[in-house]
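Undergrad: Read off the chains here:
Number of protein chains: 2
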Amino acid sequence: MRTSQFFFTTLKEAPADAEVISQKMMLRAGYIKRAAAGIYTWMPLGLRVLRKVENIVREEMNAAGALELLMPAVQPFELWEESGRGPAYGPELLRFKDRHQRDFVIGPTHEEVITDVVRRDVKSYRQLPIHLYQIQTKFRDEIRPRFGVMRGREFLMKDGYSFHTSFDDLVREYGNMYATYSRIFTRLGLKFRAVAADTGSIGGDGSHEFHVLADSGEDDIAFCPDSDYAANVELAEAVAPASPRAVAGKAMEKIATPGKMACADVAAFLAVDIRNIVKTIAVVSEQEDGGKKFALLLLRADHEMNEIKAGKIGALGTFRFASDSEVQETLGCIPGFIGPVAVDREKVAIFADRTVAAMSDFVCGANEAGFHLSGVNFGRDLPEPEVFDIRNVVAGDPSPDGKGTLEICRGIEVGHIFQLRTKYAKALNCAFLDEQGKSQIMEMGCYGIGVSRIVGAAIEQGNDEKGIILPPAIAPFAVCIVPMGYHKSEAVKAAADQLYAELKQLGIDVVLDDRNERPGVMFADMELIGIPHRVVIGERGLKDGQFEYKGRTDAEATMVAQGEIVGMLQGKLCAA
Amino acid sequence: MRTSQFFFTTLKEAPADAEVISQKMMLRAGYIKRAAAGIYTWMPLGLRVLRKVENIVREEMNAAGALELLMPAVQPFELWEESGRGPAYGPELLRFKDRHQRDFVIGPTHEEVITDVVRRDVKSYRQLPIHLYQIQTKFRDEIRPRFGVMRGREFLMKDGYSFHTSFDDLVREYGNMYATYSRIFTRLGLKFRAVAADTGSIGGDGSHEFHVLADSGEDDIAFCPDSDYAANVELAEAVAPASPRAVAGKAMEKIATPGKMACADVAAFLAVDIRNIVKTIAVVSEQEDGGKKFALLLLRADHEMNEIKAGKIGALGTFRFASDSEVQETLGCIPGFIGPVAVDREKVAIFADRTVAAMSDFVCGANEAGFHLSGVNFGRDLPEPEVFDIRNVVAGDPSPDGKGTLEICRGIEVGHIFQLRTKYAKALNCAFLDEQGKSQIMEMGCYGIGVSRIVGAAIEQGNDEKGIILPPAIAPFAVCIVPMGYHKSEAVKAAADQLYAELKQLGIDVVLDDRNERPGVMFADMELIGIPHRVVIGERGLKDGQFEYKGRTDAEATMVAQGEIVGMLQGKLCAA
Chain A
41 MRTSQFFFTT
51 LKEAPADAEV
61 ISQKMMLRAG
71 YIKRAAAGIY
81 TWMPLGLRVL
91 RKVENIVREE
101 MNAAGALELL
111 MPAVQPFELW
121 EESGRGPAYG
131 PELLRFKDRH
141 QRDFVIGPTH
151 EEVITDVVRR
161 DVKSYRQLPI
171 HLYQIQTKFR
181 DEIRPRFGVM
191 RGREFLMKDG
201 YSFHTSFDDL
211 VREYGNMYAT
221 YSRIFTRLGL
231 KFRAVAADTG
241 SIGGDGSHEF
251 HVLADSGEDD
261 IAFCPDSDYA
271 ANVELAEAVA
281 PASPRAVAGK
291 AMEKIATPGK
301 MACADVAAFL
311 AVDIRNIVKT
321 IAVVSEQEDG
331 GKKFALLLLR
341 ADHEMNEIKA
351 GKIGALGTFR
361 FASDSEVQET
371 LGCIPGFIGP
381 VAVDREKVAI
391 FADRTVAAMS
401 DFVCGANEAG
411 FHLSGVNFGR
421 DLPEPEVFDI
431 RNVVAGDPSP
441 DGKGTLEICR
451 GIEVGHIFQL
461 RTKYAKALNC
471 AFLDEQGKSQ
481 IMEMGCYGIG
491 VSRIVGAAIE
501 QGNDEKGIIL
511 PPAIAPFAVC
521 IVPMGYHKSE
531 AVKAAADQLY
541 AELKQLGIDV
551 VLDDRNERPG
561 VMFADMELIG
571 IPHRVVIGER
581 GLKDGQFEYK
591 GRTDAEATMV
601 AQGEIVGMLQ
611 GKLCAA
Chain B
41 MRTSQFFFTT
51 LKEAPADAEV
61 ISQKMMLRAG
71 YIKRAAAGIY
81 TWMPLGLRVL
91 RKVENIVREE
101 MNAAGALELL
111 MPAVQPFELW
121 EESGRGPAYG
131 PELLRFKDRH
141 QRDFVIGPTH
151 EEVITDVVRR
161 DVKSYRQLPI
171 HLYQIQTKFR
181 DEIRPRFGVM
191 RGREFLMKDG
201 YSFHTSFDDL
211 VREYGNMYAT
221 YSRIFTRLGL
231 KFRAVAADTG
241 SIGGDGSHEF
251 HVLADSGEDD
261 IAFCPDSDYA
271 ANVELAEAVA
281 PASPRAVAGK
291 AMEKIATPGK
301 MACADVAAFL
311 AVDIRNIVKT
321 IAVVSEQEDG
331 GKKFALLLLR
341 ADHEMNEIKA
351 GKIGALGTFR
361 FASDSEVQET
371 LGCIPGFIGP
381 VAVDREKVAI
391 FADRTVAAMS
401 DFVCGANEAG
411 FHLSGVNFGR
421 DLPEPEVFDI
431 RNVVAGDPSP
441 DGKGTLEICR
451 GIEVGHIFQL
461 RTKYAKALNC
471 AFLDEQGKSQ
481 IMEMGCYGIG
491 VSRIVGAAIE
501 QGNDEKGIIL
511 PPAIAPFAVC
521 IVPMGYHKSE
531 AVKAAADQLY
541 AELKQLGIDV
551 VLDDRNERPG
561 VMFADMELIG
571 IPHRVVIGER
581 GLKDGQFEYK
591 GRTDAEATMV
601 AQGEIVGMLQ
611 GKLCAA
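Chains as they are written, first to last, in this note's numbering: chain A, 41 to 616; chain B, 41 to 616.
Keep in mind the hints are simulated off the structure, nothing from the lab. Where hints are given, some of them may not hold.
For chains that are exact copies, the list does not tell them apart, and a pair is met inside one copy or across any two.
Unchecked claim - Below, simulated PhoX-like cross-link-like pairs (lysine-lysine); rule was C-alpha separation at most 25 Å, straight line: (1) 583 <-> 387; (2) 300 <-> 290; (3) 612 <-> 231; (4) 300 <-> 349; (5) 463 <-> 73; (6) 52 <-> 163; (7) 163 <-> 64; (8) 73 <-> 466; (9) 349 <-> 333; (10) 73 <-> 137; (11) 73 <-> 163; (12) 294 <-> 163.
As the structure is a prediction and not an experimental result, all values here were calculated from the model.
Just chain A, same shape as in the assembly (with noise of 0.2 Å):
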């Protein structure tokens, strides 16, 4: 391409509203033009990006054994009300009714058609296992669309099914899915993490979010640098200290605290390491039979507690947080004071993290008004606790994988892969026949990619003060020439033409700056856009045969033989 045939329209401003680097410097360098809130032109410029993404997902899929569809953006209500997904969605879910008065949503996802139509199609074992995706625009109507392409309101989607006679058979296309996005995102030229999700209900390795790592990502993930262990900070386990609890060595002591409620404050006034200091949290959980559990929750003071894994402590059940009126009532204390020592266990339940569970000689409160305790040690002071993981994990946690120790990082989610189980597939009855010719509901896995939210996560992963930085196999072009005179200097527009027509046509994806600019303006506007490789030719380096070459991110430019150009950008261009 050359831009003169090209449509280029950077700025030198973005846009007041722009909230975050991708989207000022999409908007900046011409990717994205706003047309409403949420909702963006793709240029030329930025639609070679965004079609490149798109391709390499194709690619993938179709190398994977899926097969591509398309299915109706535009899709009957009926089928959301089978599924019961119609009434609970909420606003977010475009409804409108046709001149017919028949009800219809925008679909922002496709089970329900897709589940409708294998129903229609596949009658036998025979005909499974099957994997139909689509690469298709959707909507969703977000109350406040923002982040640019990252959070749009009309975006492009991958969104893969599959379906399966079995959960094993299930599980075994979960595991190429999982390989294959990691091909995708790696092909890409990403830093990505597969993180372990919080499925809910359905629990178990049942689903991963792919996360391209960049600062400003919304998502904490917890990973192991020496492994590939990595998951949703409220996800990932918190494993017991590696070192046994300490004997004690202190006696217990009740000391006044007037008016230190919090542990800081109680860390400062105490002067002690807040890490001795254990935090009391009071939780009740509404019984069946319509009476109250009251139970205590012991946290190291400065973790995080969790609630999705306090959830999960059967004996505790669903839970609220206790009142302050429910404290004193049942401690004879105000909260910021009350602690598990001397209560009685028959009214209180006790749980403790496995972290507080290896502390002795700690501080807690002394369910007095005003007053700690410090020296406390379990088995001594008070019984032993039962013990669970109810944190979050904190850099420099152990690794669950034994590892290594944990760090964290932030990730912005562009792809999920989930084993729906029969969810759909029962709602919808798309059932099969058995070998033994017994109906049999068929289990499902869906697996989606935000391929435009990539476009934005990857600028978000790469850029700096002069714009964007995109890998080769992405970028709007993997190789700009930028020729000094080319409308001046008949030596350099030979040399220009020529170099541009041997990258051609050798497929490399290059294009020619033949504008009639400063070479400033060119060199800014190629920094801006992204391009990876700059080749510069001018006169005084073509007397000594030389071009002047500058990767994207390299701090100088380096001369390269003219003979030798077309050899390292090839073998550049292969490496990325």
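Dock chain B against chain A, hints included.
TA: Using the frame of chain A, we list chain B on its own:
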């Protein structure tokens, strides 16, 4: 692709509500599946065809210098208010309110959005011309969706828009698109015609429709087999007969024709050729001063009046048909017996079709109930009329380009190119600064192709009792290999696998039917889904080193030596 890894869902019978051949065949072949009225899922087989069409369109548009972008399907309604088109569009326009009660439409077309993009980004004549296009799913809430994907509610379109500094430059790009569209339909392998279309108020050469020829088409096209002249029947010029008016040979005579009001009845009753009868149509045009102008239009009795052409008679203006009482009042006679002889030319204007002007000794109404005149001649029995082209052409008429006679065929409109001029640019103030620094409104062209409709139209053009017949460029697979006994004979399996691998290696789109089905089932399926070339491999042939080849439309199969089959297929695919 191996059929065992694909998803074939052929049906014995098409659903009862399928109306046209392409719809029935596409449903039977498993190309598409109905989701709602006029809304279809493109199954993997059909999507292969759709994508092939899409890619040819894209390649040719890119080669023609147009740049692809992607506009949102959801558009803010304000743009439609600005262009003035919103209120006029009617119920086909799907409008909705988002959760913040802002008005949006699902865009059936994108003139407003693209004009908004260009007015924001293009400031100078130096940035023009620019041609931007997209290939996108559109929605139109048809009152009666039908004909499968040919008139669906959700469909895939290529829509392009060009912007120019001058009308001359628009005409240049229009010519470029005319040539590009011709290349596209040629590459698709379809019989088509580019026809001049009526452009309403724009007129001139400002619009062409591209039609795929098929007997089931909705539009009548007049074309000259000896040249590239083609036009909608409504727009084709009916030129004057080649031979001049014959000399009057009969005396005018009044003949009783009791009750014979229809021309055909008069012809039968008088035993004259209907081509010797002139029919008289009474019309009224309301004048600006409130008065009425009464006029008679004269046509040969077997010809059809063309209201669009008649509406262009300047002296007549906008007209309506006269009521019976107006006819009675003006001519003193009931309709059915009216004629042009002896009428008061002060009160009644007479306009004759060109064919009528060349008639002599003709029959017409006598302006007296129950009577006609015969042997009537212009210049002798009534003054020479004003002459216009006011009828539809018929087969056998001279071609307006003087290169032969016209034939009439039916076509399905699949493309439309249009000189919009400044209609939208003016409404949305899409302006540029010219070389003198003066602000000017841009000239615009728009260019559409119904991508999904092409698939339906191609099947309307190509089918037989066995199923779909598609050109290799867009068939779901170009070649099928059908082994007889793949699961029983090692030799057959080996030969089939080897041929499959060889063809794949050559980039030929081949499908190997490795299902364990009876030969008849496999043959029928491959014919139904429209594979152009079939190779059958059986043990008997293999003994003689022979494969059996049959083209989809060949009457008989032929035996081909194993070593020659690949070269033969390559030859056939290159020739296609």
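Undergrad: Take the hints in turn and mark each one as holding or not.
TA: Going down the list of hints, with the structure as the test:
no.: 1; hint: 583 <-> 387; result: neither (91 Å within a copy, 89 Å between copies)
no.: 2; hint: 300 <-> 290; result: within (22 Å within a copy, 126 Å between copies)
no.: 3; hint: 612 <-> 231; result: within (19 Å within a copy, 47 Å between copies)
no.: 4; hint: 300 <-> 349; result: neither (29 Å within a copy, 95 Å between copies)
no.: 5; hint: 463 <-> 73; result: between (39 Å within a copy, 23 Å between copies)
no.: 6; hint: 52 <-> 163; result: between (59 Å within a copy, 15 Å between copies)
no.: 7; hint: 163 <-> 64; result: between (51 Å within a copy, 22 Å between copies)
no.: 8; hint: 73 <-> 466; result: between (43 Å within a copy, 22 Å between copies)
no.: 9; hint: 349 <-> 333; result: within (18 Å within a copy, 89 Å between copies)
no.: 10; hint: 73 <-> 137; result: between (30 Å within a copy, 22 Å between copies)
no.: 11; hint: 73 <-> 163; result: between (47 Å within a copy, 16 Å between copies)
no.: 12; hint: 294 <-> 163; result: neither (73 Å within a copy, 78 Å between copies)
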